[in-house]
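*Asks:* If you want the building blocks of each chain, they are given just below.
2 protein chains.
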Amino acid sequence: MAGRQAAIAHAALKRVQAELGERQLDALLVAQPENRRYLSGYSAEDNGIQESAGFLLIPESGRPRLLTDSRFTLQAEAEAPEYGIYMYRRGLVEALEELLPEMGIRQLGFEADYCLYALWLRLQALAKRLKLRLTATSGLVESLRVVKTPEELELVRAASALNDRVFQTAFAQVQTGMSERELARLIEGTMLDLGAERPSFDTIVAFGENAAKPHAVPGGRRLVAGETVLIDMGLVLDGYCSDMSRTFVLGEPDAQYLERHRLVRAAQKAGMAAIRAGVSGSEVDRAARQVLAAGGYGEAFGHGLGHGVGLAVHEAPRLSPSGRETLEAGMVVTVEPGLYLADWGGIRLENMVIVTEAGCELLNRDSTWLDL
Amino acid sequence: MAGRQAAIAHAALKRVQAELGERQLDALLVAQPENRRYLSGYSAEDNGIQESAGFLLIPESGRPRLLTDSRFTLQAEAEAPEYGIYMYRRGLVEALEELLPEMGIRQLGFEADYCLYALWLRLQALAKRLKLRLTATSGLVESLRVVKTPEELELVRAASALNDRVFQTAFAQVQTGMSERELARLIEGTMLDLGAERPSFDTIVAFGENAAKPHAVPGGRRLVAGETVLIDMGLVLDGYCSDMSRTFVLGEPDAQYLERHRLVRAAQKAGMAAIRAGVSGSEVDRAARQVLAAGGYGEAFGHGLGHGVGLAVHEAPRLSPSGRETLEAGMVVTVEPGLYLADWGGIRLENMVIVTEAGCELLNRDSTWLDL
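If you read the sequences in order, they're chains G and Z.
Note that the first sequence covers residues 1 to 372 in UniProt numbering.
Note that the second sequence covers residues 1 to 372 in UniProt numbering.
Simulated from the structure, these hints should not be mistaken for lab results.
Where a beta carbon is used, it is the ideal one built from N, C-alpha and C, also for glycine.
Hints may be right or wrong, so weigh each one.
Unchecked claim - Derived lysine to any residue pairs resembling SDA-like cross-links, with alpha carbons at most 20 Å apart:
{"#": "1", "chain 1": "Z", "residue 1": "Lys213", "chain 2": "G", "residue 2": "Ala78"}
{"#": "2", "chain 1": "Z", "residue 1": "Lys213", "chain 2": "G", "residue 2": "Lys213"}
{"#": "3", "chain 1": "Z", "residue 1": "Lys213", "chain 2": "G", "residue 2": "Lys131"}
{"#": "4", "chain 1": "Z", "residue 1": "Lys269", "chain 2": "Z", "residue 2": "Lys131"}
{"#": "5", "chain 1": "G", "residue 1": "Lys213", "chain 2": "Z", "residue 2": "Ala44"}
{"#": "6", "chain 1": "Z", "residue 1": "Lys213", "chain 2": "G", "residue 2": "Tyr88"}
{"#": "7", "chain 1": "Z", "residue 1": "Lys213", "chain 2": "G", "residue 2": "Val224"}
{"#": "8", "chain 1": "G", "residue 1": "Lys213", "chain 2": "G", "residue 2": "Glu197"}
{"#": "9", "chain 1": "G", "residue 1": "Lys213", "chain 2": "Z", "residue 2": "Tyr88"}
{"#": "10", "chain 1": "G", "residue 1": "Lys213", "chain 2": "Z", "residue 2": "Lys269"}
{"#": "11", "chain 1": "Z", "residue 1": "Lys213", "chain 2": "G", "residue 2": "Gln75"}
{"#": "12", "chain 1": "Z", "residue 1": "Lys128", "chain 2": "Z", "residue 2": "Pro150"}
{"#": "13", "chain 1": "G", "residue 1": "Lys213", "chain 2": "Z", "residue 2": "Glu97"}
{"#": "14", "chain 1": "Z", "residue 1": "Lys213", "chain 2": "G", "residue 2": "Glu51"}
{"#": "15", "chain 1": "Z", "residue 1": "Lys131", "chain 2": "Z", "residue 2": "Gly104"}
{"#": "16", "chain 1": "G", "residue 1": "Lys131", "chain 2": "G", "residue 2": "Leu121"}
{"#": "17", "chain 1": "G", "residue 1": "Lys213", "chain 2": "Z", "residue 2": "Glu299"}
Claimed, not checked - Now the in silico label distances, taken between C-beta atoms and shown as ranges:
{"#": "18", "chain 1": "Z", "residue 1": "Glu45", "chain 2": "G", "residue 2": "Pro101", "range": "35 to 45 Å"}
{"#": "19", "chain 1": "Z", "residue 1": "Gly3", "chain 2": "G", "residue 2": "Val93", "range": "38 to 48 Å"}
{"#": "20", "chain 1": "G", "residue 1": "Thr356", "chain 2": "Z", "residue 2": "Gly195", "range": "17 to 27 Å"}
{"#": "21", "chain 1": "G", "residue 1": "Leu258", "chain 2": "Z", "residue 2": "Ala78", "range": "51 to 61 Å"}
{"#": "22", "chain 1": "Z", "residue 1": "Gly220", "chain 2": "G", "residue 2": "Arg63", "range": "45 to 55 Å"}
{"#": "23", "chain 1": "Z", "residue 1": "Gly3", "chain 2": "G", "residue 2": "Pro101", "range": "54 to 64 Å"}
{"#": "24", "chain 1": "G", "residue 1": "Pro101", "chain 2": "Z", "residue 2": "Asp202", "range": "31 to 41 Å"}
As the list claims (entries may be wrong) - Among chain G residues calculated to face chain Z with C-beta under 10 Å, some are:
{"#": "25", "residue": "Gln32"}
{"#": "26", "residue": "Ser70"}
{"#": "27", "residue": "Ile85"}
{"#": "28", "residue": "Tyr86"}
{"#": "29", "residue": "Tyr88"}
{"#": "30", "residue": "Tyr117"}
{"#": "31", "residue": "Leu119"}
{"#": "32", "residue": "Thr368"}
{"#": "33", "residue": "Trp369"}
{"#": "34", "residue": "Leu370"}
Okay, chain G solo, but in the shape it has when bound (with noise of 0.2 Å):
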């Protein structure tokens, strides 16, 4: 995998120094992780944006640099081969009081979204010291993260598939009696041991009425055979994320679940179909909530039909009724309906897909408990 995520740090990189010259900067500092793995290919985690693990400082052309601490220079070096490693000791704006006049630095960009208030004075005042112009800049990378390229989808199918795999290897062992946190860390082991670098979000583990909570955390009840679980699920692979959920009842399911259900399932169907290259975010939405809405469970539907996936697990672009961001050959989406009962618990299918000119290419070959 080193090769291709090297090529895609390359590619990356190539498209924000291009950026950088249109928008007239000299460089960009990037702070943000998921942004600095993608562009760099460096793994290490911040223990939150008070304990980084690092900055990338890209110059508009020529070699950019990596500053990190003594902790994870090794990794960088590895990692991040087209980078220059620049170990600090002190800290961030002692490294850049350094290396900007060395680069011949002048403009610098920064992340607004990503950005410390109390760094950014110290930032206005290296500024100031160095005289240098300091910019705020929003989503320039994560706009280029949107669309994936060839070697990204790769790792997004091998995340994908992996997540299939779990899920199956999990739902083979689930039995009544198991209480939800059981079944969530049975999952995230799981993961482990099949080989992903950690979950993509804390996995989700719902018991019957636990089910009408969109964001159920996983707690002490324990599975009684005929009422629904619902899991939602997802792992880092290189990277890259994957996410599903599926929705399922040990033993029979009465009458009504079958006719929820297939609701449900029927709604994803359409979201799907309606999904292609140059159609919003908003359309592909409204296609699968009309199905919801004719079936009597317009308002049980309370969010978004689905979100980008890539490096992070919630990205651009959104399906929902104000997603207006128009869809592209190579973006990734989940296409996830739902309804929700307070009294009486929930049902959510979730899969993945790549859009494409004509269509979309669906990730997921699991089909457990969809078509019933």
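Chain G is fixed; fit chain Z onto it per the hints.
*Replies:* Coordinates of chain Z only, in the frame set by chain G:
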């Protein structure tokens, strides 16, 4: 624990309100996750700074508010009874636009160390519209968190005692042939089994030469009899963190290992003996560092002796050559001297203590492989 946490939050809230009075601020906006939990008991976790689980708006007097979205309102109501819960749909700024005039707030403080530049721009615009003054604060709540109340110390004791139990449970299962990653997963699984919320940091397990890296990431290396095992682990219980390290050998240690281990242990004892209210962090560091230097390993100890622990696993005060803070009774610190030799491996022994007027209270009851 809920009663104890409510008492902690209540006392903390009163102290912050008094501080706001002194600073002539009408209110403080709190975003930093540990500060938020400290002041409210609300335990939801952010998915990074870009996906916050909520904010506190604390007026200098009167009822404080907790601002969050629909996913978290039930949890917020249950956990933060002293707060008025405000559910926002379009986010923080919109909520503030309604609440600030309603609450008569004209001087608003915010956390410079946990506010994104992009949010600050929007807060500035809001301040202009509402004709209020926006004031950057730094460390206002953090500084209150450094000295723990008796209720907090009870929670720290409990977190550390549970860490001891987890270590002992895992230690009993260590076998040759296990990989570092397997042992780390065994430890983290045991934490959850025994009731921890989560690890307080990614568990470090390093075998043999890998122990020479203070922040080693557990890998596929399998344990061989006679080689060093270094474990650094911590957990979160009721919001409070623990942190401990042990180093041992499966089988018979050789004379060189024994000599080095005893030296690190002697440095740890010297550090602990130096701790008491009124002493500076650098003095404590020096007491331990001298022992290692006298034994010929001054260069092999590259990090500080310890750090504060509380709601965050790394917080003030620092025990290090540059640690200027003066210790006070009720602070909680780690004492973790180490010795790292690139071709050989490393030894680190870490306990947690509470600073008292006369000395310190050792929190770790575990004495596995300390005195050899």
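*Asks:* Does the structure keep Lys213/G and Tyr88/Z at a Cα separation of 20 Å or less?
*Replies:* 18 Å, holds
*Asks:* Given the hint that Lys131/G pairs with Leu121/G, does the C-alpha gap stay at or below 20 Å?
*Replies:* 15 Å, holds
*Asks:* For a C-alpha distance cap of 20 Å, please report whether Lys128/Z and Pro150/Z respect it.
*Replies:* 43 Å, violated
*Asks:* Does Tyr117/G pass the interface hint, meaning its C-beta sits closer than 10 Å to a C-beta of chain Z?
*Replies:* 5 Å, holds
*Asks:* Going straight from one Cα to the other, do Lys213/Z and Lys213/G come out at no more than 20 Å?
*Replies:* 44 Å, violated
*Asks:* Is the hinted pair Lys131/Z and Gly104/Z satisfied, with a Cα-Cα distance of at most 20 Å?
*Replies:* At roughly 11 Å apart (the allowed maximum being 20 Å), Gly104/Z and Lys131/Z satisfy the hint.
*Asks:* For the range 17 to 27 Å, tell me whether the beta carbons of Thr356/G and Gly195/Z fit it or not.
*Replies:* Roughly 48 Å apart at Cβ, these two residues miss the hinted range, so it is violated.
*Asks:* Restraint: Gln32/G near chain Z, CB-CB cut 10 Å. Satisfied or not?
*Replies:* Since chain Z brings a Cβ to about 8 Å from Gln32/G, closer than 10 Å, the hint holds.
*Asks:* Would you check the hint for Lys213/Z and Ala78/G, treating anything up to 20 Å between C-alpha atoms as holding?
*Replies:* 16 Å, holds
*Asks:* Against the range 35 to 45 Å, how does the distance between the Cβ atoms of Glu45/Z and Pro101/G compare: consistent or not?
*Replies:* 41 Å Cβ-Cβ, so the 35 to 45 Å window holds.
*Asks:* Within a Cα-Cα threshold of 20 Å, do Lys213/Z and Val224/G meet the stated pairing?
*Replies:* 48 Å, violated
*Asks:* Within a Cα-Cα threshold of 20 Å, do Lys213/G and Lys269/Z meet the stated pairing?
*Replies:* Violated, at about 52 Å.
Violated hints, in rising order: 2, 3, 4, 7, 8, 10, 12, 13, 17, 20, 21, 22, 27, 28, 29, 32, 33 and 34; the structure is consistent with all others.
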